[in-house]
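Protein chains in written order, with the numbering used here: chain A, 1 to 127; chain B, 1 to 127.
Treat the hints with care, as some may be off.
The list treats identical chains as one, so a pair stands whether inside a single copy or across any two.
Unchecked claim - With a straight-line Cα cutoff of 27 Å, these simulated DSSO-like cross-link-like pairs (lysine-lysine) come out: (1) K111 x K97; (2) K18 x K28; (3) K61 x K18; (4) K18 x K111; (5) K111 x K19; (6) K97 x K19; (7) K61 x K28; (8) K19 x K108; (9) K61 x K97.
The set of hints was computed from the structure by calculation and includes no laboratory data.
2 protein chains.
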Amino acid sequence: MQVLGFHTLIELHGCNSKKINDTILVEKTLLEAARIASLSVVNTTIHHFNPIGVSGVIVIKESHIAIHTWPEHNYVALDFFTCNESYELTEALEYIKTMFEANLMELKEVKRGTISNLTPSFNKEYE
Amino acid sequence: MQVLGFHTLIELHGCNSKKINDTILVEKTLLEAARIASLSVVNTTIHHFNPIGVSGVIVIKESHIAIHTWPEHNYVALDFFTCNESYELTEALEYIKTMFEANLMELKEVKRGTISNLTPSFNKEYE
Numbered sequence: 001m002q003v004l005g006f007h008t009l010i011e012l013h014g015c016n017s018k019k020i021n022d023t024i025l026v027e028k029t030l031l032e033a034a035r036i037a038s039l040s041v042v043n044t045t046i047h048h049f050n051p052i053g054v055s056g057v058i059v060i061k062e063s064h065i066a067i068h069t070w071p072e073h074n075y076v077a078l079d080f081f082t083c084n085e086s087y088e089l090t091e092a093l094e095y096i097k098t099m100f101e102a103n104l105m106e107l108k109e110v111k112r113g114t115i116s117n118l119t120p121s122f123n124k125e126y127e
Numbered sequence: 001m002q003v004l005g006f007h008t009l010i011e012l013h014g015c016n017s018k019k020i021n022d023t024i025l026v027e028k029t030l031l032e033a034a035r036i037a038s039l040s041v042v043n044t045t046i047h048h049f050n051p052i053g054v055s056g057v058i059v060i061k062e063s064h065i066a067i068h069t070w071p072e073h074n075y076v077a078l079d080f081f082t083c084n085e086s087y088e089l090t091e092a093l094e095y096i097k098t099m100f101e102a103n104l105m106e107l108k109e110v111k112r113g114t115i116s117n118l119t120p121s122f123n124k125e126y127e
């Protein structure tokens, strides 16, 4: 079964609240994680909520990385979505976990756009 | 159980390949969907792949909307992530489905950052 998109939903708990409320640190951390994972950055949008929290997206050539932080709960929701399975996700995530001082990281992997779900006219190409 | 983020993963199959390869149409469709859902747009990044496909993210005040299209498979992966459950997602998604002429839409809802997973020190606030 061919898969078009590889989407990893990451939950980081017990993070350092000051670090995940620091827009510059969050942006630098994600850019370095993208570099570690060999992903090509197209555009970055990071903004700070008033009074607390950081929200951002890095659009990468291979798809996107998204982050939303809740410093008041020491919690970060992170998404890596790529169209290429062969990238160094584990190393990139360990780097983010270390930078945010998370004590628990949970991953959920979701395959997006499986060939078996596609319209019959396009399945022909893969028979 | 309190939930911090509401994440809906949407699969659109059988889309009109020309429409989902049209960067301007995709951007306009998402912005109108955000308006229908009463979401506040902060920033938009949409780009076109060479030779085919559109990839984009709309950062909204309440979190983000992400899209990746595969015109060669008539397939679109769409994500709505918000920190507020009370928004008009159904109507917004029906609008997108109509605009892309999709013949099948599948939804998966994922709750992000449930209170029971948070560190004990922060659970105190919700007792």
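Results of checking the hints against the structure:
For the homomeric pair K111 and K97, the shortest alpha-carbon distances inside one copy (23 Å) and between copies (21 Å) are both at most 27 Å. In this assembly of identical chains, K18 and K28 lie within 27 Å of each other by CA distance solely inside one copy; the values are 15 Å within and 37 Å between copies. Taking CA atoms no more than 27 Å apart as the test, K61 paired with K18 passes between copies only; the shortest distance there is 21 Å, against 30 Å inside one copy. In this assembly of identical chains, the alpha carbons of K18 and K111 lie at most 27 Å apart only when taken from different copies (24 Å versus 34 Å within one copy).
Taking the closest pair of Cα atoms, K111 and K19 come within 27 Å of each other only across two copies (24 Å); inside a single copy the shortest separation is 31 Å, beyond that limit. Proximity of K97 to K19 under the C-alpha cut-off of 27 Å is restricted to the intra-copy arrangement: shortest distance 11 Å within a copy versus 39 Å between copies. When the C-alpha separation of K61 and K28 is checked against a cutoff of 27 Å, the pair qualifies both within a copy, at 18 Å, and between copies, at 21 Å. In this homomeric assembly, K19 and K108 come within 27 Å of each other (Cα to Cα) only inside a single copy, at 24 Å, whereas the closest approach across copies is 31 Å.
With identical chains, the CA atoms of K61 and K97 are at most 27 Å apart both within one copy (23 Å) and between copies (25 Å).
Consistency note: the structure conflicts with none of the earlier hints.
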